[in-house]
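A.B. asks: Sequences listed follow chains A and B, in order.
Read in order, the letters of the first sequence correspond to residues 1 to 665 in the numbering used here.
Read in order, the letters of the second sequence correspond to residues 1001 to 1168 in the numbering used here.
Please note that the accuracy of each hint is not assured.
Examples of chain B residues toward chain A, derived with CB under 7 angstroms [what the hints assert, rightly or not]:
no.: 1; residue: P1020
no.: 2; residue: E1022
no.: 3; residue: V1044
no.: 4; residue: R1085
no.: 5; residue: T1093
no.: 6; residue: P1094
no.: 7; residue: T1106
no.: 8; residue: P1107
no.: 9; residue: A1114
no.: 10; residue: F1117
Simulated from the structure, these hints should not be mistaken for lab results.
Predicted model only: the values in this text are computed from it and were never measured.
All C-beta atoms in this analysis are idealised placements derived from N, C-alpha and C, irrespective of residue type, glycine included.
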Amino acid sequence: MIAELGAFSLVLALALSAAQVALSAAGRIRGSEPLRRAGEGAAGAAFLAVLVAFGALTVSFLTSDFSVANVAANSHTDKPLLYKVAGVWGSHEGSLLLWCLTLTGFGAAVALTGESLPKGLKASAVATQGALGVLFLAFAAFASNPFLRLNPVPVEGRSLNPLLQDPALALHPPFLYGGYVGFSVVFSLAVAALIEGRVDAAWARWVRPWTLAAWSLLTAGIALGAFWAYYELGWGGWWFWDPVENASFMPWLVGAALLHSAIVTEKRGALVGWTVFLALAAFSFSMLGAFLVRSGVLTSVHAFAVDPARGLVLLAILGVTAGSGFALFAWRAPAFAPGGVFAPISRESSLVLNNLFLAAATATVLLGTLYPLMLEAATGETISVGPAYFNLTFAPLMAAAALILPAGPLLAWKRGDLKGVIQRLTAAAGLAIAAAVLTYALVEPRKAFGAVGVGIGAWLVLGALAEVIERARVGRARAGEVWRRLKGLPRGAWGMTLGHLGLGVFVLGACVETGWKQESAEVLAPGRGLEVGGYALRLDRAGAVDGPNYLAERASVSVSKDGSTVCTAEPERRFFPAGGQTTSEVALCFRGLSDLYVVLGERRATAAGEPGWLVRAYWNPWARLIFLGPLLMAAGGLVSLSDRRLRLGVAARRAAASAKAEAAA
Amino acid sequence: MKRRLAALAAVLCMAAASDPSERLPDPAQEARARALFQDIRCVVCQNESIDDSEADLARDMRSLVREQVAAGRTDAEVRAYLLDRYGEFVLLTPRFNPANALLWLTPLAILLGASGFLWMSVRRARASDPAALSPEEEARLAALTNPLPGGHASAQTSPQEQPHLSER
């Protein structure tokens, strides 16, 4: 019954989305307020209908209703509550429903909150968002229905892949989809602006909060996924340049570029066409990602729901939406007036360079991801593009962007004073170079790459701080004045500082971890030990323990430094009878910013013939920073977003003023 | 020589790992083998290097590489051997050859092309001095700066935006 209610709601949502398109479009064409309002109401109702469908699937998972095929394939009565809920979005069908929920949710948010938007623009945007809803809901209802019944009903479900039964991964998809699908609003606003034929500073201001929200969620989602890979896969890797990771990274890069170019459009009226182009590109890359992940055209460690037929449908959706968006762009964008003029040394120029590097980096990631596919289609030859390619192409582009980054916020709009900026950044540059040189000279083993990375990370962190110091006149004004200035800084400025700081923190963590991680592995009998990163590890004992839906072997490994015990690691090796799979549960000892990472391997006889276990240990210096950095960036985005009240206030005042002007005219 | 020893020590820490039963007796050779593993694809896996993969074939490929290294082959010889046996697919870093030239050169081309475009637009902007307004522009500016009916020009509003407000 519940499943039928869900299936019905899904089809109802499809009908409501179609109504949303028709009503909003008619309202826009006829200039009719009631029709527009009805379209907005349909957007809200479509969201509620998908919410009911989503609730129905959740109930089916919670009650382990194995008559629903999707539940039978992805759940199990023994599964803990959190993973029964996470199972809802653990499969292709369920995650597509989550995608639709987010899509209609953002559509409803635009329809019901965007009071300050001009009426025509808003109606066009709501209609576009509705059209996206129609495409994805139709795909969900007709080709990926999660409510299909099974007959005969199995007694037990096949359970969720145990690797996915993890808190970070349970939360990873909702954040990730919030990001991917959040860009749909930006896409709709761009299409609406092209239809209306007008892009101005006010449009850029409306686009920015949605971009910020989507980008922050995507940042958090990617960081959660990387953290999951780091501690769940059992060898300490957190980024593999895998096609599916690249698929999530490309919208992130485009979103970052859009955040910056929208500022130029908002403040200076320049880069109008480019900002619209990025707004279309961000969601197009999200859809490309959905296609790559779900179609199985690329082999990936994350492959899920590989189905060429569904892939073809997704490719068609991508082609139709991105194709019409960019066609509209090609038709309407040339008419946009070029915006404000700026000198080669100015904040605009620094943001243009930022966009140049981010766009080139995105193109590189896209090329590296799709080249094997294109080459195979063209010549039949199969090649692999691995991490080394991205390290050689992507990393230098990003390093160049990082080098100019601290100068940007210090430059004035229109015409900047390069000499002044250089003076203000001298201390930061000096300290960063010193950090790199000292790292190279003092840290054993000597690594040039790691030292350069430390220098760049320090430059970003110190540059972000230098900007705050400059704004608050620290050291040049009295303490009271500095405090007053710090309190007076807008939230947007703090958000930028946090974002740039987060990038620096990430670079420091990524370079130090990659450069100086250490590894050690031995077959140990109880009482024996190994050494890694200056720590001595001793296997105290190992024995069997029972989990809720698994059987485990748990080892107790005492970790000591200079003779004193610092922590006890308890790595596990879990066997899940439901799926017949074995996973390893890593034990992490937090040592400040660094991790000691202990993995329990298989039971095996030692060289001396005693019974023992294979124990692997990794010393991952500064690994915490790899995940702290993106969290700071996401927090920066949210802080900046909280500045929105100000932005909406300005927009509302302006709307009121334009209404007044309309009345007077 | 000292530098080289330090570099070797760096790889040694990495080399201590992986399965101890597979390890080569000579630490320097083992270090070279581990470095090679990271750039060789496990050809039956989804997308993993033989350094990461626990698949049986990855284990076989590792022992193959270790044998080659133990027999004194250079890195290039080992790669060529694998290339011969498994094809281009096995190398995680594609070789620079005519088929892959596009892959390696496009990022550079994009960067150079975009920089060139920016350079041109800067020169064009300089050529047309923004300080001097044409007579028509002067007239438009005069019309725009007249007080508007609503009198709402905020500090944020640039002159270009105002005609839209008055049109509506």
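A.B. asks: Work down the list of hints and note, for each, if the structure agrees.
C.D. replies: Now for the hints, and whether the structure bears them out:
{"no.": "1", "hint": "P1020", "verdict": "6 angstroms, holds"}
{"no.": "2", "hint": "E1022", "verdict": "10 angstroms, violated"}
{"no.": "3", "hint": "V1044", "verdict": "10 angstroms, violated"}
{"no.": "4", "hint": "R1085", "verdict": "14 angstroms, violated"}
{"no.": "5", "hint": "T1093", "verdict": "4 angstroms, holds"}
{"no.": "6", "hint": "P1094", "verdict": "5 angstroms, holds"}
{"no.": "7", "hint": "T1106", "verdict": "6 angstroms, holds"}
{"no.": "8", "hint": "P1107", "verdict": "4 angstroms, holds"}
{"no.": "9", "hint": "A1114", "verdict": "5 angstroms, holds"}
{"no.": "10", "hint": "F1117", "verdict": "9 angstroms, violated"}
When each numbered hint is compared with the structure, violations occur for hints 2, 3, 4, 10.
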